[in-house]
Amino acid sequence: MIWRRRNVMAAATALLAGGARRAAAQGGPPSLPPAGGAERTPITTLHGRSLPFVMKGGVKEFHLVAGEFTQDFAPGFKVKVWGYNGISPGPTIEAIEGDRVRILVTNKLPEATSVHWHGVLLPSGMDGVSGLSAPRIKPGETYAYEFTLRQHGTQMYHPHGDEMLQIGLGMMGMFVIHPRDPEEGGVDRDFVWMAHAWKIDPGTSRPNPAEMTDFNIWSLNGRIFPATAPMVVRTGQRVRIRVGNLSMVEHPMHLHGHHFELSGTDGGPIPPERRWRMASVQVPVGTTRDIEFVADNPGDWAYHCHKSHHTMNAMSHNFPNLVGVDQGEAADEIGRLVPGYMAMGSTGMAGMESMAGMMPGPRNTIPMMGGAGPYGALGMGGMFTTLKVRDQLAHYDDPGWYHAPPGTTAWRVDHKTA
Amino acid sequence: MIWRRRNVMAAATALLAGGARRAAAQGGPPSLPPAGGAERTPITTLHGRSLPFVMKGGVKEFHLVAGEFTQDFAPGFKVKVWGYNGISPGPTIEAIEGDRVRILVTNKLPEATSVHWHGVLLPSGMDGVSGLSAPRIKPGETYAYEFTLRQHGTQMYHPHGDEMLQIGLGMMGMFVIHPRDPEEGGVDRDFVWMAHAWKIDPGTSRPNPAEMTDFNIWSLNGRIFPATAPMVVRTGQRVRIRVGNLSMVEHPMHLHGHHFELSGTDGGPIPPERRWRMASVQVPVGTTRDIEFVADNPGDWAYHCHKSHHTMNAMSHNFPNLVGVDQGEAADEIGRLVPGYMAMGSTGMAGMESMAGMMPGPRNTIPMMGGAGPYGALGMGGMFTTLKVRDQLAHYDDPGWYHAPPGTTAWRVDHKTA
Amino acid sequence: MIWRRRNVMAAATALLAGGARRAAAQGGPPSLPPAGGAERTPITTLHGRSLPFVMKGGVKEFHLVAGEFTQDFAPGFKVKVWGYNGISPGPTIEAIEGDRVRILVTNKLPEATSVHWHGVLLPSGMDGVSGLSAPRIKPGETYAYEFTLRQHGTQMYHPHGDEMLQIGLGMMGMFVIHPRDPEEGGVDRDFVWMAHAWKIDPGTSRPNPAEMTDFNIWSLNGRIFPATAPMVVRTGQRVRIRVGNLSMVEHPMHLHGHHFELSGTDGGPIPPERRWRMASVQVPVGTTRDIEFVADNPGDWAYHCHKSHHTMNAMSHNFPNLVGVDQGEAADEIGRLVPGYMAMGSTGMAGMESMAGMMPGPRNTIPMMGGAGPYGALGMGGMFTTLKVRDQLAHYDDPGWYHAPPGTTAWRVDHKTA
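Protein chains in written order, with this note's numbering: chain A, 25 to 442; chain B, 25 to 442; chain C, 25 to 442.
Don't read these hints as lab results, they were simulated from the structure. Hints are not guaranteed to be accurate.
[Claimed, not checked] Capping the alpha-carbon separation at 20 angstroms, the derived lysine to any residue pairs in SDA-like fashion look like this:
#, chain 1, residue 1, chain 2, residue 2
1, A, Lys84, C, Gly395
2, B, Lys132, A, Ala428
3, B, Lys132, B, Gly91
4, B, Lys104, B, Pro226
5, C, Lys80, B, Thr432
6, A, Lys80, C, Thr432
7, A, Lys223, A, Thr237
8, C, Lys84, B, Pro226
9, C, Lys132, C, Lys80
10, C, Lys104, C, Thr228
11, B, Lys162, A, Lys80
12, A, Lys84, A, Pro203
13, B, Lys104, B, Asn388
14, B, Lys102, B, Asn388
15, A, Lys80, C, Thr94
16, B, Lys80, A, Pro203
17, B, Lys84, A, Asp438
18, B, Lys102, B, Ala253
19, A, Lys223, B, Asp238
20, A, Lys84, A, Glu63
21, B, Lys223, A, Thr237
22, A, Lys162, C, Gly81
23, A, Lys162, C, Ala418
24, A, Lys80, C, Trp435
25, B, Lys84, B, Asp205
26, A, Lys80, C, Lys132
Could you put the whole structure together from the sequences, leaning on the hints where they help?
What follows is the structure in structure tokens.
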């Protein structure tokens with residue numbers, strides 16, 4: 025189970041740095057992630073993990089292996105991607121300001137690659153621009169990048185050379201550098217997400233990296249809703265969410281129920297006295313954005329890209345516009361001619377969520393909307409997940425749906441009173 | 025007449041809160057909008073209005089009715105949209121920090137809907153995410169949302185579920201919460217605009233919500249230039265413009281003749297000491313942006329999205345590129361084959377503005393550029409209007425064109441002197 | 025040679041303002057750009073130049089001539105553009121806060137035009153909006169715009185009317201106003217770039233201004249990599265880069281090896297205590313963004329738009345997706361049917377860089393990637409150039425490739441050690 029594995033990883037990762045001092049200060053129950061004496065809150069990479077390292081003569085040595093593999097973007101929807109260590113985005117690299125790190129990169133792809141450490145201050149020869157900084161890593165080769173971290177913040181890694189194809193196929197990862205001072209910028213929960221856009225024609229499994237604008241699959245950490253995991257936090261916790269975007273499109277990430285501060289970019293933290301409060305943060309391409317807030321509002325809160333097509337899955341773009349049109353048998357007729365054809369509903373599209381499984385759609389794709397909530401269909405897809413804020417939590421596994429206190433849920437009223 | 029009706033609405037809206045104290049302090053003429061003792065400057069929603077409310081046991085009760093109707097985006101250009109209370113964007117909800125509000129929503133659409141209060145801090149069950157927060161509002165039903173406002177700033181409302189279709193067809197509105205302290209953040213004029221993008225094939229009247237990138241109609245408050253009303257202010261007034269964007273595309277809104285401060289987001293005001301000055305403000309999707317400035321420069325000033333295709337109306341994208349080509353009779357020939365075909369001018373497109381009415385174009389659309397100014401054709405369309413700054417104003421109706429003082433207008437010079 | 029000519033221009037431009045006081049204070053070698061007593065660092069417009077002026081009765085008189093001409097975007101790739109004084113973007117206008125400027129504009133285009141001074145505070149009649157501010161400049165006419173500069177910062181100029189076509193074809197330029205106080209905001213190197221997007225079908229030379237989203241050529245100052253010149257600076261120098269964007273697309277400009285502060289917009293400088301540090305800066309459409317940093321990291325550093333398709337040249341979008349497919353003779357077969365067809369490599373696209381000259385592609389275009397670095401092919405194109413930081417510099421001509429100190433370049437390791 026993804027979640028359990030993640031917790032194991034979190035525990036392992038926690039060895040990185042120290043103790044549950046902060047968690048303890050919050051008076052949290054002892055069954056919360058152990059953190060084994062860690063002094064820094066480890067990064068939570070839902071659907072992913074942090075990259076392990078070994079110490080070699082004072083250097084933290086990591087190992088990335090670039091390769092091709094199949095990843096489940098959602099149950100029944102398999103995509104052939106390029107990534108690192110079997111996942112796309114690749115594992116999160118976590119280190120501490122001041123660390124000397126060595127990152128081995130083995131290329132198991134059919135073409136040459138390189139790794140650029142986006143936003144990391146390092147020597148020119150370690151910068152990973154193919155041909156400019158160093159030779160490319162040919163298939164089968166392993167290269168070593170080594171540098172001392174003299175900053176902290178939210179960086180990324182990705183190839184630099186033939187990027188349209190390699191990044192387009194999924195080669196990317198987050199690189200989080202914790203501050204030297206464990207007191208600085210501390211939070212109780214620290215999530216990373218990479219937002220990506222793909223063009224995967226229904227019925228196929230291989231993204232088309234030549235696509236520049238007309239994407240149809242929108243993922244968070246390589247999953248699409250309803251297969252995305254929720255962020256689970258306890259009421260009162262200070263939360264950071266770090267988002268990286270290496271797609272071709274800006275993603276305005278919107279959080280419900282809370283305002284937050286924009287607290288960092290790929291150039292590091294924004295000093296508190298310069299920050300702006302927002303409810304949505306635009307994440308431009310080729311950047312990271314950190315946000316911070318206190319989760320003071322219990323409930324199930326949507327967290328999603330606010331471009332309405334980005335919370336849809338495939339099959340949403342090539343519909344003829346039939347709103348207001350009685351389609352009669354036309355849809356069936358067209359369907360015989362055009363494989364995978366589904367007509368947009370004549371009364372709107374809200375009926376689409378329940379179609380999955382009821383009609384033979386194209387193989388290996390996913391309905392454009394999905395997800396069942398406590399009150400029925402959600403009608404969302406793609407870059408959508410939830411923040412679940414609970415007063416009581418025994419662990420960070422999905423606690424199920426929120427039970428709103430009586431009188432705090434929208435209610436149906438007798439029409440005459442309206 | 026739109027403007028007169030707006031003023032009546034403004035007067036009514038002013039009852040919301042108090043007096044013309046601020047206007048009086050500015051020494052304005054008594055014929056300026058009465059404001060009937062209001063202490064807060066009411067919002068001006070050009071082409072729209074603020075939503076009335078009734079007090080019921082200490083609660084401000086508003087009523088939104090979602091439905092389908094036809095709206096004139098410009099004279100002769102009718103569009104079948106979905107909106108609230110007969111307009112798209114729907115009426116602006118105005119309330120005051122600390123208010124308890126109840127908003128009834130009646131669904132007269134053919135499919136279920138919900139209303140999410142974007143950026144408003146409220147209980148989870150009132151958040152309006154279909155299926156997650158509460159059941160959807162089925163056709164014919166009325167739901168009540170009720171919450172206490174514990175913030176101020178510029179928020180929005182829109183459906184949350186089947187958003188691609190429902191927002192795409194026009195379901196959206198602004199939700200402005202005034203500060204509890206009437207002294208805080210006060211301005212003399214306070215405008216709201218919603219920027220939206222539509223795909224309406226020439227000759228049709230129903231927007232295509234499946235379109236993701238190739239839009240062709242760009243509106244401000246549901247109107248397109250030259251049918252957009254100007255913002256009229258008196259020299260020296262402090263002005264706020266609040267813009268919401270729920271389209272699929274970023275809109276960089278540019279104001280001529282003034283610099284302004286970015287003063288707020290959907291997370292509320294930015295403290296004055298953190299603001300940046302700008303001449304254009306990017307309004308990302310799914311956010312709001314407030315700007316503030318003193319209108320210290322008399323004149324007629326363009327205010328528009330700076331993407332050059334967004335100040336065009338329909339019919340601008342499918343032209344063959346004939347710049348520099350003598351088209352002879354080819355255009356007529358092609359026109360016989362392709363309904364609605366217009367060739368791009370061989371010397372450019374500036375001749376297009378005067379074509380309206382001179383040639384039989386497709387029905388129910390609008391030339392791609394239009395608007396006649398004091399010095400001839402403007403060559404603009406779409407997301408374009410003006411800020412009219414005047415030293416003397418008897419009212420806020422359109423004062424006509426600006427008469428520039430002698431010597432302050434660009435002049436034609438004898439070529440030999442050049 | 026472009027570089028030499030630029031230096032002559034820089035010297036000429038330096039007469040604008042004074043002395044090499046600042047350069048001297050840095051202890052730079054005497055062979056650095058003379059600056060002839062200039063007190064302000066002149067703007068460096070790579071591939072372009074600053075517009076000369078003559079003093080007439082206390083007024084700085086400039087002269088722009090709008091026209092059509094052919095420009096080499098790269099060797100062998102000629103594009104028919106519209107611009108000013110024979111270049112697109114047009115010459116950079118440099119002036120000083122407090123200056124009275126008169127700008128003559130002669131129209132040698134086949135259609136009427138105007139010039140709007142984006143972000144410049146001036147009288148309404150000088151604002152250059154066709155039809156609104158003043159009459160349009162008809163072909164053959166010359167107009168004068170005159171105003172006093174009461175601000176400083178990074179502005180732009182461009183037509184306002186039929187903008188989709190005129191800006192789309194290249195009519196734009198930067199307008200830099202230096203502070204009155206030469207001590208304010210001083211830097212040692214001050215670069216301007218205009219980022220633009222074009223649709224130029226392979227084999228043609230005329231951009232298609234009707235294109236709204238599917239661009240295929242991405243330029244910096246009218247050049248595309250590998251034909252873009254590097255920015256050359258000495259270690260320790262304070263550097264400003266000003267970028268203007270009048271294309272249809274946001275460009276996130278990323279600098280390697282350094283963090284920078286976002287120091288200005290089209291509304292002028294951002295006060296130091298309000299700035300954010302970044303490694304990439306989003307440059308929205310219709311705005312300018314200034315960044316500042318100390319070049320403290322010697323090396324060859326990529327500087328580029330981070331949208332991966334924007335560092336590609338033409339021919340990248342219409343490929344069938346053949347990754348993982350053995351194409352055998354199919355590509356040749358298709359090539360006979362589709363002129364200019366190139367199949368995407370079955371192992372990726374990295375082999376594409378070396379194809380230039382090896383196969384008969386369409387005439388008048390450029391391979392989608394190119395550029396040879398010290399370690400082989402770069403695999404980049406379009407909006408890409410470098411910042412070259414050197415401890416020792418005799419002049420600002422391209423110093424060639426960086427020689428990294430031993431032990432600071434990524435190295436190939438024996439696979440068994442990995």
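These are the hints, each one checked on the structure:
1. A/Lys84 x C/Gly395: The given pair, whose Cα atoms are some 34 angstroms apart, is violated under the 20 angstroms limit.
2. B/Lys132 x A/Ala428: violated, 28 angstroms
3. B/Lys132 x B/Gly91: Holds. B/Lys132 to B/Gly91 sits at ~5 angstroms (cutoff 20 angstroms).
4. B/Lys104 x B/Pro226: holds, 13 angstroms
5. C/Lys80 x B/Thr432: holds, 18 angstroms
6. A/Lys80 x C/Thr432: holds, 18 angstroms
7. A/Lys223 x A/Thr237: holds, 9 angstroms
8. C/Lys84 x B/Pro226: Status violated; Cα separation ~49 angstroms.
9. C/Lys132 x C/Lys80: violated, 24 angstroms
10. C/Lys104 x C/Thr228: holds, 9 angstroms
11. B/Lys162 x A/Lys80: Violated, at roughly 64 angstroms.
12. A/Lys84 x A/Pro203: holds, 16 angstroms
13. B/Lys104 x B/Asn388: holds, 11 angstroms
14. B/Lys102 x B/Asn388: Answer holds: B/Lys102 to B/Asn388 is near 7 angstroms, not above 20 angstroms.
15. A/Lys80 x C/Thr94: violated, 59 angstroms
16. B/Lys80 x A/Pro203: violated, 53 angstroms
17. B/Lys84 x A/Asp438: holds, 19 angstroms
18. B/Lys102 x B/Ala253: holds, 17 angstroms
19. A/Lys223 x B/Asp238: Holds, because 17 angstroms separates the two Cα atoms, which is no more than 20 angstroms.
20. A/Lys84 x A/Glu63: Holds, at roughly 18 angstroms.
21. B/Lys223 x A/Thr237: With Cα atoms ~16 angstroms apart, B/Lys223 and A/Thr237 stay inside 20 angstroms; holds.
22. A/Lys162 x C/Gly81: Not satisfied, since the Cα-Cα distance of roughly 66 angstroms exceeds 20 angstroms.
23. A/Lys162 x C/Ala418: Given that 20 angstroms is the threshold and the Cα spacing comes to 37 angstroms, the pair is violated.
24. A/Lys80 x C/Trp435: Holds - the C-alpha atoms of C/Trp435 and A/Lys80 are around 17 angstroms apart, at most 20 angstroms.
25. B/Lys84 x B/Asp205: holds, 19 angstroms
26. A/Lys80 x C/Lys132: violated, 69 angstroms
Consistency with the previously given hints fails for numbers 1, 2, 8, 9, 11, 15, 16, 22, 23, 26, ordered from lowest to highest.
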